[in-house]
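Asker: Spelled out, the chains give:
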Amino acid sequence: MKALREFVDKQKPHFEKGGRFEKLHSTFDAFETFLFVPNKVTTSGAHIRDAIDMKRTMIIVVLALIPPLLFGIWNVGYQHFLSHGMTPDFWPMIGFGLLKVLPIIIVSYVTGLAIEFAFAQARGHEVNEGFLVSGMLIPLVMPPDVPLWMVAVATAFAVIIGKEVFGGTGMNILNPALTARAFLFFAYPSEMSGDSVWIAEKADAFSGATPLGQLLVLDTDKLPTDWSMFLGTIPGSIGETSTIAILLGAIVLVATGIGSFRIMASVVAGGLVMGLLFNLWGANEYMNIPAYQHLIMGGFAFGTVYMATDPVSASQTNRGKLFYGFLIGFIAVLIRVFNPAYPEGMMLAILLMNVFAPLIDHYVIQSNVKKRLKRAKAVAA
Amino acid sequence: MKVDMSTVTKIKKGLDIKLIGEAEKTIKDLVTDQFAIKPTDFIGVFPKLLVKEGDTVKAGTPIFKDKYRDNIVFSSQVSGKIKEIKRGAKRVLLEIKIEADGKDEAIDFKAEDPKTLDREKIIQKLLDSGVWPFIRQRPYSVIANPADNPKAIFISTFDTAPLAPDNDLIVHGHGEAFQTGIDALSKLTNGKIHLNIDANATHSKVFTNSKGVQINQFSGPHPAGNVGVQINKIDPLNKGEVIWYLYPQDVLAIGRLFATGRYDASRVVALTGSEVLRPAYYKTKIGAAIEPLVKGNVSDTEKRFISGNVLTGTKIDLDGYMSFYHTQATVIPEGNYYELFGWALPGFNKFSVSKSFPSFLFKNKKYRLDTNYHGGERALVMTGEYEKVFPFDIYPMQLIKAIMVEDIDLMENLGIYEVDEEDFALCEVIDTSKTNIQEIIRRGLDLMRKEMS
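Keeping their order, the protein sequence lines are chains F and H.
Counting with this note's numbering, you get residues 11 to 391 for the letters of the first sequence.
Counting with this note's numbering, you get residues 4 to 456 for the letters of the second sequence.
For reference, chain H alone in the conformation it holds in the complex (with noise of 0.2 Å):
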């Protein structure tokens, strides 16, 4: 529609952790057969299975469901066949993994023009096919309602969290794909869609030459790409009112759905962290097995695998498999191993945002994060400090003691529908007091929506 580029959102108050491992930008296929689903990457959905081992699937084929919202389905991302459901205590469901054949032999949901479609038809294709899943609200970060009709659509275009991926080039030759993903969703609010991009780095026509969107500018620091800083500062949540996101990898998904009726779950992942010793972006599927990803390209030291990025990834095995949502897989040491008087020596090379250790003096250092604390867990103390990376107009200490003591009132009051966990990560990053915030902030926003439903 039309960029405006006399506005641009600076984010003044956020940080850059600068770590060493960036992607070479470089995009390898990544050879692998090993896939999984995992129902724990999809916030507050109960899976129903509907699948058993050794039953074959083909890419769009049911997997499970949400037992409470039964028209959400998960499909399989491939061909092959279903090797191992695996559980873990009280029988929660974590994996489905799917050995693929090769085959390549995919459900045609038929390939359609979503111009030409109305909304129902539009959500129904969405649904059946197991695409809908990629489409999340705030507030609370869940897979979207059908049922709503959100007051706008927001997409993310750039990562500002640390080694993130670039969009740009992941996107780059995808600009047809990414123009029928927004022509789907176009018809799914009465909104606008946002489609926020990086004033200094975002160059790619694929975003920029978009149709049917309003094109928003930000600069500054991390949390600037993240969706829910970019909401608060266009078009700010209220109490009541939903709004759908999604991120560029999604929306190709959703365009090659309309433009070939298969679910097609290409993603490109970036492989980074200071333990891989060729850090470069792979070509895969959504779910792939972390091992075959990192075989013969990683340090010897004691490794900590995670699937996404250092602030907000999760933990996974040598024999894990990528989450659903992630773009990027981060590799660094870890941490247990114990610092004779750490606490006390100068720390010439220790990362810290306070101005208590010498390290402040080199901005551009660039760092090998480990996975230690640093220090024991204590009282909050300290003031003023998350203000420093927390871009709201939000009060952050005080919500978190709301949650804290689970008044719901006052973590209404105090914009608990505005912020998801990550928007908090670098407050947990830099916490003195070594909280975990991100855990707090998900308690509350669990509790928000138990009380709200």
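So that you can see chain F by itself, here it is in the shape it has in the complex (with noise of 0.2 Å):
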């Protein structure tokens, strides 16, 4: 450790102001902090701080990512071979999987972190760790035969557009990694939809449609059975099919604080509720499948408890959550049973309801504001 830090200290001089690569101060910063955490103390306010840091906390929702990651690395694999006819060992799919996840992943955090260390370098500011989980987000969601290209190109305008032009991390309106999702569903609709992309190098004569697909033409006989869609062996996005995986992050994020249970649990509420509701309806039998099975299909759970749960894009006030959360799960099955064009709600359920987010936290302050002037005038009159 000694040597190490002997030699970061000894580079050093050369990325600070008058150095030779100045310009690369950002860069040389986030490595460095990467290895070491600073030895900077307080100079004002509180004198000690609390151990956690942005790092820590952006490393725990990686962590949390890792069930559902090994999850699809496996389905990947094994959707692949069941399309072919052929059930081979836990390993071969293994490796199929990785074959084709991993390109994924390497071109989603390559692209991402370059652009995010050049605003960083050219605001003169650190490099926030808030990609480090965009980055493993955007492979979850994304199709097995996604082109890497358009990994690329969705990362890229994900980083720029959804997050750097309104200031970088913290100043977003939408969840980046949906962001992603979105542009490429709207860009590419042909390569993110229909019943051909969900598994990777598919045997044409197989039917490779989705849960949400079937039931889009009301196909309620050939849905999977629950058991398969709780454990997740159907076709998908990468991340999202296996509910018992997410459950395992939902578990993480929960016991270690991060993620807001307030969130998970209304969005989880929110689907209940609506599909409740369709059930009384009752007007065709997509309306008829019990409530619980939105919650266990498709990314409704993927995104309530990894990008519903973003604290930047999501409401800001406890109370406000609550709302939000709930919005989102009844928005999503809502656009699930009503929009033809398109089988899962859960992506614009949660981005309209990140535009929404700030105007919930201005009710819910407002209503404290008032509080306080009725304070006021009460002791004035």
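Be a bit skeptical, because a hint or two may be false.
Within a straight-line C-alpha distance of at most 25 Å, the following computed DSS-like cross-link-like pairs (lysine-lysine) qualify [stated by the list, open to error]:
#1 H:55 - F:384
#2 F:12 - H:306
#3 F:380 - H:306
#4 F:384 - H:404
#5 F:381 - H:13
Think of the hints as simulated: they come from the structure by calculation, not from any bench.
These two chains come separately, so use the hints to put the complex back together.
Answerer: Have a look at this one:
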């Protein structure tokens, strides 16, 4: 450790003001603080500080993404071989999955981090750690057969248009990973929907439709069992299929207090309420599916745990989070059942509520302001 | 007056940070002749010096006054000689150092029973003697304006900050002076004097038998002892209103002024912190030098000396002095070290409110915390963190952001009059983004004060 520290200290002057590589200061800082928690001490305010920092926070979210990632890798292999009528051993499936998923992850991180570093450098800021999470979220919401160049384009769009133009981390309105997903959906619809994209190198004869796809054409009898949807042995985006893997991640996020349980619970409540309302209406077979099935199909669980809880794009007040979450679940199911063009409603529901989150907060805060004004008036009277 | 034992205001949100180095409950005498007054202790005061180096002073001799409120003077706490007038950048007055001569001479302001005096006379005596600065006001935490008539006076008798001194111990045997102080204060407001006690820990009869006050009971974690929290729960501040506040030893100083006619700046200070070998209480005077206090009683590591507590105290050097309002000194290790992969390792010994470190499993563990930031400053990303340690009906992050963009109306609407920087200290400690929140709140308060004057 000492030798490493000495090496870093020796290089440091080159990257500081007046140094040879002054222009790469942010990059150097990012690597240095990756290796070492800085020696900076408090100079104003509280003399002691909590051990938590942004790196710790983000690494825990990445940790929480590991279960759906691992399952996704296996499932990409499993679905591929299944479509060809083969049932190989565990490792070939993992091998095929890695071959498909790893390049997507690498492209996402390399593209995103390169842009993040460039912006941090241009602004003279530190590199924010937020992309450590976004860079993992983006691959997990992609179909397994997505062309790599699309991943790169979508990531670049999400980071630049979704985040940096608003001023960078903490200022964005929309969730960056979902922005990437939405961009691809609207720019390249044929590669991002239909029955052929959800299984990597699928055999042509095999259906490959996701449960939501089947429901859209009211093929309720072809729906997989609840158990396989809960387990995740169904076609879909890389990380979204396994509800149980996502639940594991949710436990990590809730136990560490880093993901908002308030939001997760209210999204689920919203989805169930809308599902039950449809049950009451019951105009077609889709409306009649049990409400809980909405929670284990498509991106509902993934969106609930990892996307809706993004603190920057969610409501920021505790009460606002309840409305925000509820409406996401509610609208997601609404879009699923009503929108003929697009089987999945979760992405659009979250993006929509991202836009409305500040408005929800505004009303929550206004009620606090009014209470204060009323109190002052009561005294004056 | 009456103690309503049935109602206890429970503070639910907050945090008790458990540190090593609590003072043993014995009071020793501190022998020193080095003292100072630091004009920087007084928010918003522009000092106009009334003495020069070499002048002889008595306890109660005016040392400087506020340029813009020149009836507010600041007096010498001892008899002796002005040893040095220390200035900083732009000739800012930092310290007026006074060497005590041990003669203990004091100006006689006349002993009088405050019950026989009217409001004007009491105020005049407090102003003349330099005792007035003990009385501060909310909003803004500045020295009270003698021309105001506050809607109430608040006295917090208990301190919930880390390693805070035990006021029960400090006021023991000073019941008469305390009551005399209360008697004087009761002439200063048409409203109530709220004497706030800890429902579980305050037992001193000095407090519970006080007359002419309303005793309010509080329970819960820090910041339950903050006067701002108590005001918020008992009699919240509205725009245009003023509340005055003091702490027990300030009341004693007022009581002694009326009882003896002297400005008696005696003060018991708790010497605390993990780097103190034998933490204890010391009897001295306001503004004592820190070196004789810690000499031979601290560890060999690189240390930070703090006048006050770890949340809100002032960093001082070894040749520095205690601040006017502080009743505690804390010594903790400096944290200027690098830590390889510190953010990624499990971190069994790390203090964190978040449950991302395993230490949350050991609730009663006491920590030896240093001054390291444990990370770099980042954008405000996380939400819902501050709310866990902030017991006001106020949206903390929204108020902080309103101050950052200097939106005066929004700051007012969000309740800036009701808070002080110390109320945000815990938010600052637990903040993932490592923002210096207290500094921001102070900036907001200063901005409001300027706007309103």
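Asker: Decide, hint by hint, whether the structure agrees.
Answerer: Structure-based check of all given hints:
Taking the CA atoms of residue 55 of chain H and residue 384 of chain F, the gap is near 53 Å; set against the 25 Å cutoff, the hint is violated. At roughly 23 Å between alpha-carbon atoms, residue 12 of chain F and residue 306 of chain H fall within 25 Å of each other, so this suggested pair holds. Taken as a hint, the residue 380 of chain F and residue 306 of chain H pair is broken in the structure, with Cα atoms around 48 Å apart against an allowance of 25 Å. As the CA atoms of residue 384 of chain F and residue 404 of chain H are separated by approximately 24 Å, the hinted pair is consistent with the 25 Å bound.
For the given pair, residue 381 of chain F sits about 21 Å from residue 13 of chain H by alpha-carbon distance, which is consistent with the 25 Å threshold.
In terms of the numbered hints stated before, the structure departs from hints 1 and 3, listed from lowest to highest.
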